[in-house]
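Chemist: One-letter residues, chain by chain:
Number of protein chains: 2
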Amino acid sequence: MAPALSLAPGDALGILGSGQLGRMLAMAAAQLGLRSVVYAPESGPACDVAARTIIAPYEDDAALAELAACVRVVTYEFENVPAHTAEFLAARLPVRPGPAALATTQDRAVEKRFLNGQGIPTAPFLEVDDAAGLAKALSALGRPAILKTRRFGYDGKGQIMIREGMDVAQSWAALGGVPCILEGLVPFTREVSVVGARGLDGSFAAYDVCENAHENHILALTTVPASMAPDTAAQAVAMAARIAGALDYVGVISVEMFHVVDGAGERLVVNEIAPRVHNSGHWTLDGAVTSQFDQHVRAVCGWPLGSTRRHGRVEMRNLIGHDADGWAALLAEPGACLHLYGKHEARAGRKMGHVTRIFPE
Amino acid sequence: MAPALSLAPGDALGILGSGQLGRMLAMAAAQLGLRSVVYAPESGPACDVAARTIIAPYEDDAALAELAACVRVVTYEFENVPAHTAEFLAARLPVRPGPAALATTQDRAVEKRFLNGQGIPTAPFLEVDDAAGLAKALSALGRPAILKTRRFGYDGKGQIMIREGMDVAQSWAALGGVPCILEGLVPFTREVSVVGARGLDGSFAAYDVCENAHENHILALTTVPASMAPDTAAQAVAMAARIAGALDYVGVISVEMFHVVDGAGERLVVNEIAPRVHNSGHWTLDGAVTSQFDQHVRAVCGWPLGSTRRHGRVEMRNLIGHDADGWAALLAEPGACLHLYGKHEARAGRKMGHVTRIFPE
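Chains as they are written, first to last, in my numbering: chain A, 1 to 361; chain B, 1 to 361.
Some clues are possibly wrong.
Identical copies go unnamed one by one, so any copy, or any two together, can satisfy a pair.
[Unchecked claim] Below, computed lysine to any residue pairings styled on SDA-like, alpha-carbon distance capped at 25 angstroms:
#  : residue 1 : residue 2
1  : Lys157    : Ser203
2  : Lys343    : Asp11
3  : Lys343    : Ala8
4  : Lys343    : Val37
5  : Lys343    : Glu66
6  : Lys343    : Pro304
7  : Lys136    : Val168
8  : Lys343    : Arg52
9  : Lys343    : Arg72
10 : Lys343    : Gly10
11 : Lys343    : Gly302
12 : Lys343    : Ala51
13 : Lys157    : Leu221
14 : Lys343    : Ile54
15 : Lys343    : Thr53
16 : Lys343    : Thr189
Note that these hints are calculated values from the structure, not bench results.
Keep in mind that this is a model prediction, so the values were computed, not measured.
Please construct the entire structure, taking both the sequences and the accompanying hints into account.
Modeler: Take a look at the structure:
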């Protein structure tokens with residue numbers, strides 16, 4: 001399989017994962033004349049807009065071979081694609097972003113070492129493999145500090161803040177005794193993200209920096225552009241481009257950063273990398289010439305990147321759990337663009353949809 | 001079935017027709033959290049993005065009953081839905097726009113009489129049922145004049161221009177001897193359209209007037225806003241609102257008009273009504289806060305209409321037949337938004353996709 005394979009309209013794209021990101025990717029693929037085949041262990045929002053769905057475990061080689069046989073490139077909506085799945089598929093057809101991006105971003109310790117190796121600042125951190133190691137790391141980094149599992153964390157899951165007076169052994173046990181890192185706190189002013197894309201030809205295009213507010217560790221509100229000096233915003237984009245280049249990345253990449261403003265001025269500290277389209281980029285569906293989903297499809301198909309120009313100042317609010325019950329009022333609000341993901345049950349903490357508002361700049 | 005039924009997210013919407021309009025409607029429905037069931041005699045572009053597809057003739061009552069049982073409202077992508085189909089479904093659940101809109105717009109003579117009855121100007125016309133009638137009508141309206149079949153015409157099909165010297169009997173035979181109208185020519189400066197929507201509550205919202213250029217009787221280019229005096233544009237929108245109101249219409253309605261500019265000033269003459277989303281409204285996918293497809297879904301679901309605000313000056317170019325072979329260059333053009341409909345074969349005259357360009361105003 002030639003590494004520089006480009007798709008043509010009419011070809012099929014494989015998407016691992018059946019959630020809302022897969023759903024919006026499948027619609028973007030359809031807009032560009034492609035067929036989508038969604039592969040996931042269970043049915044989900046993406047299945048309703050896919051040309052075909054394969055429901056099978058990620059470890060099912062026969063089903064993976066079926067996917068490989070009916071699409072020309074495979075991408076994914078989540079970073080925890082099992083290594084075997086990625087390798088099995090990559091031996092048969094292009095998987096974009098490539099398995100290297102997955103291997104780097106699936107493990108917080110590997111990711112932070114990679115970033116520091118690129119000269120990109122992160123929170124101070126130490127690897128922790130047992131309670132004794134945690135005690136030692138706490139002595140080195142001080143309290144409060146955040147203990148995070150190296151793998152499978154998202155939306156605040158797999159992490160615990162260790163404050164003064166908390167028991168070390170209990171804290172260690174709380175995350176299940178799996179390999180962790182302990183992170184020192186970054187005294188940030190705001191959380192931001194760069195959503196950018198790297199093409200097969202090495203080109204890089206980012207949207208303006210997004211400013212993100214979280215509630216209960218889940219993204220609640222993104223506003224664009226972020227409040228920061230133009231130089232700092234340019235630095236943020238340059239960091240994302242450097243990361244993407246170092247990973248020989250193809251597709252949309254999202255880099256979450258802390259924006260620190262103190263007596264010494266402004267600086268950026270990278271929090272984490274998501275090798276995929278990102279919730280903080282959902283505003284691009286309504287607020288930019290090319291959505292992040294279109295952009296990802298363009299990139300993984302080997303096509304040129306589209307314009308990232310905004311239509312105005314943008315605000316994107318997530319609809320979490322029963323927030324989505326307010327759909328009728330949102331539909332009635334002049335200028336609000338409502339997106340619902342077709343999930344049947346509004347469980348607490350579940351991302352049910354989002355609403356975008358665009359204001360003249 | 002209550003006539004004022006409103007849907008809720010998670011409900012299913014039935015779409016008659018599997019073409020590109022159905023495809024874009026299905027994606028808009030998905031964006032709003034609905035499931036789409038596409039019903040058509042043959043598979044087409046819409047099937048790849050529908051939650052479910054029913055392939056059956058429009059006369060198949062068992063299949064229609066199956067559709068009625070699994071959706072809460074039915075809409076359509078084309079005006080030639082057979083009367084029986086519309087009536088069968090309307091007896092079981094809301095069909096929007098309603099059968100009255102179909103009955104009026106399926107027959108050019110009925111449509112023009114309806115318009116004139118509303119005080120809305122059309123081209124002068126006479127009904128013609130045989131060659132003798134055609135001769136008489138030609139004497140009354142003069143040459144050149146356009147003979148059009150009363151039913152089933154689109155994109156220039158089912159019509160013929162009768163010029164000086166052309167034989168009357170041959171002209172009559174050329175359209176198959178079916179009931180026709182003869183239309184006098186309107187000396188128009190430009191062709192325009194109003195794409196608007198009427199909600200279940202009677203509210204009406206239109207996009208800015210679109211200016212349309214045709215090639216070989218097929219829409220080639222739409223630019224928005226149309227070049228016309230603001231008063232004339234307001235009149236155009238008012239005419240569309242009057243038409244929609246008189247039809248007790250629910251959904252997106254498109255009214256094609258001739259803009260006549262002469263010594264007497266500016267005036268508008270209605271050419272035809274399409275009871276559906278319209279090619280001249282495709283620019284709204286990229287160039288407006290709410291797309292015409294979202295707007296249609298909102299209306300037929302009984303939801304409030306969305307904002308029709310533009311993001312700039314807009315140009316939409318159709319990709320007809322082998323135009324779509326230029327997809328790679330269009331993807332590489334900065335700021336161009338490419339849409340391809342997933343049709344396999346680029347036949348001459350076939351609408352394969354479109355490209356939108358947005359410019360600062």
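Chemist: So, for every hint listed, does it hold in this structure?
Modeler: A quick look at each hint next to the structure:
no.	hint	in the structure
1	Lys157 with Ser203	neither (34 angstroms within a copy, 46 angstroms between copies)
2	Lys343 with Asp11	between (28 angstroms within a copy, 11 angstroms between copies)
3	Lys343 with Ala8	between (32 angstroms within a copy, 12 angstroms between copies)
4	Lys343 with Val37	both (19 angstroms within a copy, 17 angstroms between copies)
5	Lys343 with Glu66	between (27 angstroms within a copy, 24 angstroms between copies)
6	Lys343 with Pro304	between (33 angstroms within a copy, 22 angstroms between copies)
7	Lys136 with Val168	within (10 angstroms within a copy, 100 angstroms between copies)
8	Lys343 with Arg52	both (19 angstroms within a copy, 16 angstroms between copies)
9	Lys343 with Arg72	between (29 angstroms within a copy, 18 angstroms between copies)
10	Lys343 with Gly10	between (29 angstroms within a copy, 7 angstroms between copies)
11	Lys343 with Gly302	between (32 angstroms within a copy, 21 angstroms between copies)
12	Lys343 with Ala51	both (19 angstroms within a copy, 13 angstroms between copies)
13	Lys157 with Leu221	within (19 angstroms within a copy, 51 angstroms between copies)
14	Lys343 with Ile54	both (19 angstroms within a copy, 23 angstroms between copies)
15	Lys343 with Thr53	both (17 angstroms within a copy, 20 angstroms between copies)
16	Lys343 with Thr189	neither (34 angstroms within a copy, 50 angstroms between copies)
When held up to the earlier numbered hints, the structure conflicts with 1, 16 and fits the remainder.
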